[in-house]
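Trainee: For reference, the chains in residue letters:
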Amino acid sequence: RAVESQIEGQCAPVDSLWRRYSEFELLRNYLSVTYPHIVVPPLPEKRADFVWHKLSADNMDPDFVERRRMGLENFLLRVASHPVLCQDKIFHSFLTQEGGWKEMVNETGFQLKADSRLKALNATFRVKNPDKRFTELKHYSDELQSVISHLLRVRARVADRLYGVYKVHGNYGRVFSEWSAIEKEMGDGLQSAGHHMDVYAASIDDILEEEEHYADQLKEYLFYAEALRAVCRKHELMQYDLEMAAQDLTSKKQQCEELATGTVRTFSLKGMTSKLFGQETPEQREAKIKVLEEQIQEGEEQLKSKNLEGRDFVKSAWADIERFKEQKNHDLKEALISYAVMQISMCKKGIQVWTNAKECFSKM
Amino acid sequence: MEAEDWVPGPPLPAGGEGPGADSQPAAGVPGTAGGPLLAAAAAEVLALDDEEDDLEVFSKDTSLAEVNSFSPSMPISPSSMTNQYKLEDGPELRDLFITVDDPESHITAIETFITYRVVTKTSRGEFDSSEYEVRRRYQDFLWLKSKLEEAHPTLIIPPLPEKFIIKGMVERFSDEFIETRRKALHKFLNRIADHPTLTFNEDFKIFLTAQAWELSSHKKQGPGLLSRMGQTVRAVASSVRGAVKNRPGMFTEMNDYMETFSQKINVLDKIAHRIYKEERDYFNEMKEYGPIHTLWSASEEDLADSLKGIANCIDRCCKATEKRMAGLSENLLPILHEYILYSEILMGVLKRRDQIQGELDSKVDALANKKTEKDLLSEEIGKLEDKVERANNALRADWDRWKQNMQCDMRSTFTHVAENNLHYYEE
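Chains Y and L, in that order, give the protein sequences. Residue numbers for the first sequence, in our numbering: 1 to 364. Residue numbers for the second sequence, in our numbering: 1 to 427.
Extracted from the complex, chain Y is given alone in its bound form (with noise of 0.2 Å):
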């Protein structure tokens, strides 16, 4: 189900319009064809995933859907400092053009692109010459998705927990309560110390908020990671496009030259058959040489051009990933140091209460 997303339009004029999250889905998908060799900025999630049992994983929470807003946004921003991608024009008039956008989508074709990809990504196939660099890089995507998803889990059940220590320490609050009705000189300090338990209770409702936060900024990564993995896929896609071309163009070489000499370098039907049934007239072997000659031709061309289309993704997806490490490095850092910070201030309250708490206590 889509939610409705209100943007402002950056490198527009004036512009605030609505999207739903199906559109942006589109526009990403669009974007990832187009531009194979970048790492196209994720999407937050669709549904809620990874929560502890207080949040609800209903996907109509206000809550999860102002994290989903964000996300959006975030998004985005991403898309829009992106030195390739931000000058793209459907980019342009996602941001500006109200009606009409997903016909113009459309309209580029890129459907047709992310079908084909699309079957062929799921293939499997053997690369025979694999770029080390890639599949490192594969490895590398693999592991950090696996390792995000284990630790937003546990993290999520750790959320859990410490909830459930928090919140019964509020039963205190309760019973101190009830009993300083019955102390004479205990009365005033049981009290007020009930008082400080039910504020201890209550501040953990606000520090897990602050984690979700935390949480949300692993799953972008989480999500990145598979963008990555997708970028080496495209590009096995091509290396194996590549190896299948020129294997395709050396069979056809050798095909051309066992016609034209006429031995049989290698074991074939042709070559059977020919033997029990007689070779060809001059003539069809001549024709056959001159098509094969052209598709030689041909298949020499498009290897050059594959060649090259190849050279030129590896270059341009290699600077993007460089560009994606340095970004990646940069904020897991800072939403690390950011964890720590809100660790500490958890901490900080803890002290406060308890000092207070004690405070109380000793005045019993």
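If you're looking for bench data, these hints aren't it; they were derived computationally from the structure. Fair warning: there could be bad hints in the mix.
Here are the computed lysine-lysine pairs in the DSSO-like style, where the Cα-Cα straight-line distance is at most 27 Å [what the hints assert, rightly or not]:
#1 Lys-287(L) with Lys-349(Y)
#2 Lys-277(L) with Lys-319(L)
#3 Lys-319(L) with Lys-167(Y)
#4 Lys-323(L) with Lys-270(L)
#5 Lys-319(L) with Lys-333(Y)
#6 Lys-234(Y) with Lys-113(Y)
#7 Lys-270(L) with Lys-349(Y)
Assemble chain L onto chain Y, guided by the hints.
Mentor: Just chain L, lined up with the frame of chain Y:
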């Protein structure tokens, strides 16, 4: 006049045998014999001094030593009549030091049991020597307790650790269980030692000093099973009679108080257990949290150090949490438990007092004399209950303070850890 052999507080020569060869089944009525004896006892050196409580628990809980809420401004009990207490001079009032340690298990053909070493150091004259070391088993403690209860039905006898834990969390002979029990026994004896009346009880003395065989032979001299049964029957009977009739307001208040208190304590105990459980669950989850970061740092270059730093900190948080849990289970939980037992004891005491009153009332036509003694007794009880209640409060203040200390420490640890963290990868 019933010549009841009331076991007096101070070791008058007559009382050397313990409650009794010739005790009569009417244990409810203290009898005239008890009255004057008790008054006499009161006149003796019974310290009602503030400082005594400093040393109330001679144990590892050093924090309790700070207690001093036995202010002279206690609510005036009508005990002023009997209050001829002489204040002991000097702060070293403690003349009886007891420790319980060194549990050992003994295996016989019939059973296996644990004995504890009870070491007593004293400077009191009535003790033949100044140091004693004996071994006692749980049954011996039970015996002592029941003797004290018999002798002083309306005094508050400290609670003994239970026979077994019903929750089944702990094995009967596990180290944890034995240690918990040992601590409780230690407290038990020390509380008795600090009690102005109980401390001079003859059975107590024998418990502390007699050799094993002496003790068993002494035990056999107790009132027969039959007489004890008689007591119980009477007790039930009198409670059925609705002994609440002439109860002075003070005791009604106490009763109400105790009921509420008992309720609250039970709830607190539940809460504390629940907190412990939640913390343990939290700890278990945290244990996994740290290593993930370490794992992650293995795939990263720039971030590796930061991640390792975090993993480190999380592990330290774990340890801190462990400490916190240990603190809870060593301090808070046992004390809460103790006061639960106390509340039961106190309810019992109040009931008995009511019984006594009931008995008295039913003979009210007779002896004004008796009534006076009864008043004495009531007042005595009243005063003592006040005292224990204050002990209550004092202890509460302390354990709470201690607990907070502990929590605070945990929190500071967390903070330090987090700060280190921060410095770590702000570099």
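Trainee: Hint by hint, say whether it matches the structure.
Mentor: Against the structure, the hints:
1. Pair hint Lys-287(L) plus Lys-349(Y) holds up; C-alpha atoms about 23 Å apart against a cutoff of 27 Å.
2. Pair hint Lys-277(L) plus Lys-319(L) holds up; C-alpha atoms about 16 Å apart against a cutoff of 27 Å.
3. As the CA atoms of Lys-319(L) and Lys-167(Y) are separated by approximately 22 Å, the hinted pair is consistent with the 27 Å bound.
4. Note on Lys-323(L) and Lys-270(L): the hinted pairing holds, with a Cα-Cα distance of about 20 Å set against a maximum of 27 Å.
5. The straight-line distance between the Cα atoms of Lys-319(L) and Lys-333(Y) is roughly 25 Å, inside the 27 Å bound, and the hint therefore holds.
6. In summary, the hint linking Lys-234(Y) to Lys-113(Y) is supported, as the alpha carbons are separated by about 12 Å, within the 27 Å threshold.
7. For the hint linking Lys-270(L) to Lys-349(Y), the alpha-carbon distance of about 26 Å falls within 27 Å, and the restraint holds.
The structure agrees with every numbered hint stated previously.
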